[in-house]
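Novice: Read off the chains here:
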Amino acid sequence: MKTKTGKIVAFVLAAIALLVLPILLQSTGSNSWVRIVDLALLYVLLALGLNIVVGYAGLLDLGYIAFFAVGAYIYALFDSSHLIDTFPAMKAMFPNGTHVSIWIVMVVAAVVAGLVGMILGAPTLKLRGDYLAIITLGFGEIVRIFLLNLDRPINITNGPRGISQIDAIDTFGVDFAQRLTVGNYTFEPVTMYYYLFMFFVVMAVILSYRLQDSRIGRAWMAIREDEIAAKAMGLNTRNLKLLAFGMGASFGGVSGVLFASFQRFVSPESFSLMESVMVVAMVVLGGIGHIPGVILGALLLAGLPEVLRHVAGPLSQMTDGRLAPEILRQLLIALAMVLVMLLRPKGLWPSPEHGKSLSK
Amino acid sequence: MDVLLQQIINGLVLGSMYALVALGYTMVYGIIGLINFAHGEVLMVGALTSWTLIGWMTEAWTGMPGWLILLTATLIAMVVCGGLNFMIEKLAYRRLRNSPRLAPLITAIGMSLLLQTIAMMIWEPRPHSYPSMLSTEPFHLGGAVISVTQVTILATTAITLALLMWLVNHTNLGRAMRATAENPRVAALMGIKPDMVISATFVIGAMLAAIAGVMWASNYGTVQFAMGFMPGLKSFVAAVMGGIGNLAGAVVGGILLGLIESLGAGYLGKLTGGVLGSQYSDIFAFVMLALVLTLRPSGLLGERVADRA
Chain E
1 MKTKTGKIVA FVLAAIALLV LPILLQSTGS NSWVRIVDLA LLYVLLALGL NIVVGYAGLL
61 DLGYIAFFAV GAYIYALFDS SHLIDTFPAM KAMFPNGTHV SIWIVMVVAA VVAGLVGMIL
121 GAPTLKLRGD YLAIITLGFG EIVRIFLLNL DRPINITNGP RGISQIDAID TFGVDFAQRL
181 TVGNYTFEPV TMYYYLFMFF VVMAVILSYR LQDSRIGRAW MAIREDEIAA KAMGLNTRNL
241 KLLAFGMGAS FGGVSGVLFA SFQRFVSPES FSLMESVMVV AMVVLGGIGH IPGVILGALL
301 LAGLPEVLRH VAGPLSQMTD GRLAPEILRQ LLIALAMVLV MLLRPKGLWP SPEHGKSLSK
Chain X
1 MDVLLQQIIN GLVLGSMYAL VALGYTMVYG IIGLINFAHG EVLMVGALTS WTLIGWMTEA
61 WTGMPGWLIL LTATLIAMVV CGGLNFMIEK LAYRRLRNSP RLAPLITAIG MSLLLQTIAM
121 MIWEPRPHSY PSMLSTEPFH LGGAVISVTQ VTILATTAIT LALLMWLVNH TNLGRAMRAT
181 AENPRVAALM GIKPDMVISA TFVIGAMLAA IAGVMWASNY GTVQFAMGFM PGLKSFVAAV
241 MGGIGNLAGA VVGGILLGLI ESLGAGYLGK LTGGVLGSQY SDIFAFVMLA LVLTLRPSGL
301 LGERVADRA
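Protein chains in written order, with the numbering used here: chain E, 1 to 360; chain X, 1 to 309.
Since the hints were derived computationally from the structure, they do not count as laboratory data.
The beta-carbon is built from N, C-alpha and C at its ideal position, and this holds for glycine as well.
Some clues are possibly wrong.
What the hints assert, rightly or not - Listed next, with one range per pair, are the computed distances between beta-carbon atoms:
{"hint": "1", "chain 1": "X", "residue 1": "294", "chain 2": "E", "residue 2": "225", "range": "20 to 30 Å"}
{"hint": "2", "chain 1": "E", "residue 1": "165", "chain 2": "X", "residue 2": "75", "range": "50 to 60 Å"}
{"hint": "3", "chain 1": "E", "residue 1": "23", "chain 2": "X", "residue 2": "56", "range": "22 to 32 Å"}
{"hint": "4", "chain 1": "X", "residue 1": "183", "chain 2": "E", "residue 2": "343", "range": "22 to 32 Å"}
{"hint": "5", "chain 1": "E", "residue 1": "125", "chain 2": "X", "residue 2": "170", "range": "37 to 47 Å"}
Turn these sequences into a full structure, and let the hints guide you.
Specialist: This is the structure:
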């Protein structure tokens, strides 16, 4: 029913709101809210990537966080002093450190994560549903176990201690580690990261929509609805599934690079199974395969626990510390997964047309 | 040689625990085709319940022998877990029985997370040490050392398996279970109530998991909220390896996986010249799963094909 001008007005208003949001949050004097929004944006990016695999192609991937880890560790290795401190040969080659530009790392991470995604996807091509879920979960764990143990005999990942002192992004003359003063207004680093992440989210949204309406996207959805029929219609299901795995994984890799540069510290702890489950929960909660729904799901599950954290203080005291913020967060995710599936199996904001096989 | 014998015994003990949990997976999967992700959490609830009970009982009845306390705690834990799994099936899975497969799967993952969270609230997130209720004087066999707990685990598994086989093959309930697994609609026409059979399957599976949980806790000496997830996952792998839906397959798969893991942990370091140590033993299960599913999708003893959506 919306008119075209109405849509444009809404779009412009939303754009202005998103641009002003961090400035408003920053003006509260504390950066913690901007930080929360930044992290939420990273989750949106991850959820959009997983949505390609789960939502479009219908392949339930429970090891998605592995690709996030691959991206994060690639940036950590390229842009910290870890390799130089560990290997004298590296130090001889790069006496000033390897401060590789983020854009190069980004491309490398997207390609490597995409390849890893395809390699992990290849043996699972014949499988669907349950088996696929459990085998991808296994692969995710394998990647985490390697990150945890690759400090011996050659120290590549620094094991459970993780890699610290990672460079902040320094690009186009803007150093994200420093405050940026434009005229008489000062942008905090977290605010600059907000704009950077928002740029990537907008890109991801555009890419997702383009994919959805493309031949490839239609083919993925055909596979999701009925694989045998799709094959009978002449679709190359093997290559299409590999493409979905690869494409989703490269989204994960790019988010990982952003995460590492934002946190400036990576360790295997950030890439646990719980995180994979969380991203799946975001996609499912919002509405599998529906981009606005997925974004809503990601914002809700990333943001609500932080809001609850403020409620959790007194609640935690009332219950003798049994309802600590972390526990509350997990409880929320668990309840969301169970209740949404039982009460609204299509998610909170489901896709208006597709999704026969995802939910009746 | 001593190392080999020791690792084989450890592997058998580990494998028999996997086998008990795998039976629960395989029975549920055989009947309603659901990977009950929360099954490992039932093991955890069993272990933590028995921990609490043992704590109470050792305080209340000082004169009681350890094995009697352990047995009582196990039996009560079995009842608790049976009731819990009955409720889970009734509240969460039953409504979704006719929905597409992604919905119950995600519910099961959520349920697993929910049980862990509730366990964290009840028993605190930190690990507790599990008291040793049996004699700590070990047996010596060749060059290997076997604890009384390990012998008890092997014996209990053997007895439990015998009872289960009798139940499935020679009782009316067992016949109803097999019929429902074959075809629920036809079974219903023959006067079987599929809902009742499914509930019974969940309860029996949970009881086996509770036994495994007590064994796990006694063998490793600690209990905590997250202890069930990995054993649960690996037991599912064992069930798939043996051929999901096939009871004998679950036992074979469980014991095989236990042996592979334990021998791998013992020899991986030597074989690779110290490059890969025993910390990689968790990987075996998943590599095995990938191999079995690609090379022999119906599992070693084969029952169902893996190509189900």
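Novice: It remains to establish, for every hint, whether it holds in the given structure.
Specialist: The hints, checked one at a time:
no. : hint                         : in the structure
1   : X/294 with E/225: 20 to 30 Å : holds, 25 Å
2   : E/165 with X/75: 50 to 60 Å  : holds, 56 Å
3   : E/23 with X/56: 22 to 32 Å   : violated, 59 Å
4   : X/183 with E/343: 22 to 32 Å : holds, 31 Å
5   : E/125 with X/170: 37 to 47 Å : holds, 42 Å
The structure shown violates just one earlier hint, number 3.
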